[in-house]
Amino acid sequence: MTSNQVHPRETGDTFPAEVDPGLSSMQQDAIIVRFARKRYAKGQPPILDGLNMTVPRGCIYGLLGASGCGKTTLLSCVVGVKKLDSGDIWVLGGKPGKQDSGIPGPRVGYMPQEISLVQEFTVLGALYYFGRINGLEDSDIDERYGFFSELLSLPPKDRLVKHMSGGQQRRVSFAAALIHKPELLILDEPTVGLDPILRENIWNFLVKITKEEGTAVVITTHYIEETRMANRIGLLRCGQLLAETSPTALLNKFQCQSLEEAFLILSQKQKDNQDKGVLNSADSEVIEDLDEVATHSVPVSQNNLRSSTECIMSSEKQLLDSQYNEKRRTPIFGKIFRALMTKNILQFLRHPGGILFAFVFPLVQVTLFFYAIGRDPKGIVVAIVNDEAGHCDHGNIIGSVIHNPDEGTCDYVDISCRFLNGFNSSIMEKEFYSSREDAKLAVESGRAAGTMFFSRNFSRALQSRRDNVDSASNADIVAGEIDTVLDIGANRQIGLFLQKKLFEKFIEVHGEIVSTCNIPRKFADTPVYFEEPIFGRLDGKYSEFVAPGFILTIIFFLSTAVSSSIIIADRAEGVWDRSLVQGVTTAQILFSHILTQVVMIIIQVTVVMCISFVHFQLPCKGSLVTVTAMVLLTGICGMCYGFLISVLCNSHTVANFVSTGSFYPIILLCGAIWPAEGMPTVLRWVSFAMPTTIPSFSLRGILEKGYAVAEPEVYTGFLIVFGWTSAFVICCLIGLRGKTV
1 MTSNQVHPRE TGDTFPAEVD PGLSSMQQDA IIVRFARKRY AKGQPPILDG
51 LNMTVPRGCI YGLLGASGCG KTTLLSCVVG VKKLDSGDIW VLGGKPGKQD
101 SGIPGPRVGY MPQEISLVQE FTVLGALYYF GRINGLEDSD IDERYGFFSE
151 LLSLPPKDRL VKHMSGGQQR RVSFAAALIH KPELLILDEP TVGLDPILRE
201 NIWNFLVKIT KEEGTAVVIT THYIEETRMA NRIGLLRCGQ LLAETSPTAL
251 LNKFQCQSLE EAFLILSQKQ KDNQDKGVLN SADSEVIEDL DEVATHSVPV
301 SQNNLRSSTE CIMSSEKQLL DSQYNEKRRT PIFGKIFRAL MTKNILQFLR
351 HPGGILFAFV FPLVQVTLFF YAIGRDPKGI VVAIVNDEAG HCDHGNIIGS
401 VIHNPDEGTC DYVDISCRFL NGFNSSIMEK EFYSSREDAK LAVESGRAAG
451 TMFFSRNFSR ALQSRRDNVD SASNADIVAG EIDTVLDIGA NRQIGLFLQK
501 KLFEKFIEVH GEIVSTCNIP RKFADTPVYF EEPIFGRLDG KYSEFVAPGF
551 ILTIIFFLST AVSSSIIIAD RAEGVWDRSL VQGVTTAQIL FSHILTQVVM
601 IIIQVTVVMC ISFVHFQLPC KGSLVTVTAM VLLTGICGMC YGFLISVLCN
651 SHTVANFVST GSFYPIILLC GAIWPAEGMP TVLRWVSFAM PTTIPSFSLR
701 GILEKGYAVA EPEVYTGFLI VFGWTSAFVI CCLIGLRGKT V
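Numbering (the UniProt record's numbering), first residue to last: 1 to 741.
Among the clues, some could well be false.
Stated by the list, open to error - Cut-off 25 Å, straight-line C-alpha distance, at most; resulting in silico cross-link-like pairs (DSS-like, lysine-lysine): (1) 430 / 440; (2) 440 / 501; (3) 430 / 522; (4) 98 / 82; (5) 181 / 335; (6) 211 / 181; (7) 98 / 181; (8) 522 / 500; (9) 82 / 42; (10) 181 / 378; (11) 522 / 378; (12) 522 / 501; (13) 208 / 181; (14) 95 / 82; (15) 522 / 505; (16) 42 / 83; (17) 378 / 501; (18) 522 / 440; (19) 541 / 500; (20) 157 / 269; (21) 541 / 501; (22) 500 / 430; (23) 253 / 271; (24) 705 / 541.
Hints listed in this document are in silico derivations from the structure and should not be mistaken for laboratory results.
Based on the provided sequences and hints, a complete structural model is requested.
Printed below as a string of structure tokens:
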């Protein structure tokens, strides 16, 4: 701080809400920082503590400091990636994020400390991406690539970023920041890991563009001595600048041979001042003395701490804007969207695991569903005790009915064998036991799913029940029963299946027997008669009931699983922030991802529809177009849900927990596994509010009832999906507001 600067701490005043440096400073300086404060957590020391910095146009500004001193934080605030807690920043004449600033936009070139490149890009692909979002034509990008390839010894243009060394990746990142010839170049440790010759080439190039093109360059580096070529250096320690002057002036002041030695002296003086508790280093005599020999300074006094409306009239602002109008290249929306779409497609196509998951996974899931769900169980072991005919001579005794019309008799012989032979061996494996105790032990030990017992007089007792309906003895009634014990606890579904099959088979066999005796077949039926249903079939498969909910849920969560990591990956790679700094909006990034994912969803839906309706012949009485529309919209809804997860979560782990954790509530509550009518009232309404419950009812109505879109049961499902999709998109856009520059 110069001698005529007055810091608010010295006067006891609070920091002004806005400190405007005036029109002349805005014309001369690329970056102006005033009283910048920033801390990451309450109670921790500030990363930036009342920092002031000025970067003139057409100069190289070397920002030096130890690791963790706040260099990267300061640059992140300058480019708008992070926000100050208090203080002001002007970049190229305006505050970051404002229309009159160069940020975000192509007037700035930004190379963050991380590589911040898409790993699936080639060298040329990376330059195409950053060139296009900054408004360059492809021919200009090709020309610039040739220049940088020679200057930086770039790898072959078709080499992928993920296959390069760290130094090669850093060189490509450097070229990407310079590809569009920005007015302001911000480089965070660009020369780390590079050999001395390349570092010298880079510095010579930076000196050249500052002199010939008037470019302002802010560069941080670990190599303090290499900043001798800078026009001005700022020594940052403990969130404050110890000095802001030219390297020569700094060396002359302290009579040092190296900048590192001068930095050490300044650091020690700052520490001494802090120990004395006299002043913070930002106000120390050290900086005041250095400012006397500084080649450039911008005074900030109480007299110029006034509002921008008092300093700059609107006509002056228009004049300033017109001076740089030619340099303000506004990228065409088409170029930005083309760059984003190309990035998204290349990321997907060059990721074999993603392709396998996106296209093979739905194929496997649907195939497994139709093969595993809804088919009749096979090979169920039943322990049989037949006191009437033993093991039926291993199937040779089939039972018979002897009908003698002349005598008016119809006798049953070994009907138990006829009943047992009626079962297909693939459904039920019959194991014969000599006693009921042995058969029961087989069930208890898990070797059998149930027992069946036929009494010694089963056929005679059944005949007696037929002939003596109103006078059959209790002994005949008991002897004519098939005592059955099922293992419902171990496997309820198999137990219920056996119960149904045994009942149906007895009605069938008994009907055949009585019809042989010239007795109406209906005599053997139960009084309850089920006619053909209005919709569906009595013998319909369980898979046909479950399929609508399953298909929608699979498509929903396939889309969720893919999209829930996309924005997280962009942020983790650093491409997100870097793109925003160059003027790409969060909405553009989001909708480019949505468009890419919609194409993938269309392919996934096509695979699912072909497997379900062509290969497995899933019945459909309605329009397949309506079915496809419902499944496609559900996939888009799941995709938007995944994007919301990606926006709200900061890591892949958390995103996976959220997406996986939400899968089970939706699959359990969608009414596919169990009807929603069986749930408690409150839970039922929660179920109906889920994005797949009502749509699955709608899809079932199309498949089983042939309903069209005009039916309330169908269009309600479409409205539910559309409502959830809209809500997810709106929440995404709101969440992305906090991630803009």
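Results for each hint:
no.	hint	result
1	430 / 440	holds, 14 Å
2	440 / 501	holds, 20 Å
3	430 / 522	violated, 29 Å
4	98 / 82	holds, 15 Å
5	181 / 335	holds, 17 Å
6	211 / 181	holds, 14 Å
7	98 / 181	holds, 21 Å
8	522 / 500	holds, 19 Å
9	82 / 42	holds, 17 Å
10	181 / 378	violated, 73 Å
11	522 / 378	violated, 30 Å
12	522 / 501	holds, 19 Å
13	208 / 181	holds, 13 Å
14	95 / 82	holds, 13 Å
15	522 / 505	holds, 15 Å
16	42 / 83	holds, 16 Å
17	378 / 501	holds, 12 Å
18	522 / 440	violated, 34 Å
19	541 / 500	holds, 14 Å
20	157 / 269	violated, 50 Å
21	541 / 501	holds, 14 Å
22	500 / 430	holds, 17 Å
23	253 / 271	holds, 19 Å
24	705 / 541	holds, 16 Å
Consistency note: the structure conflicts with the earlier hints numbered 3, 10, 11, 18, 20.
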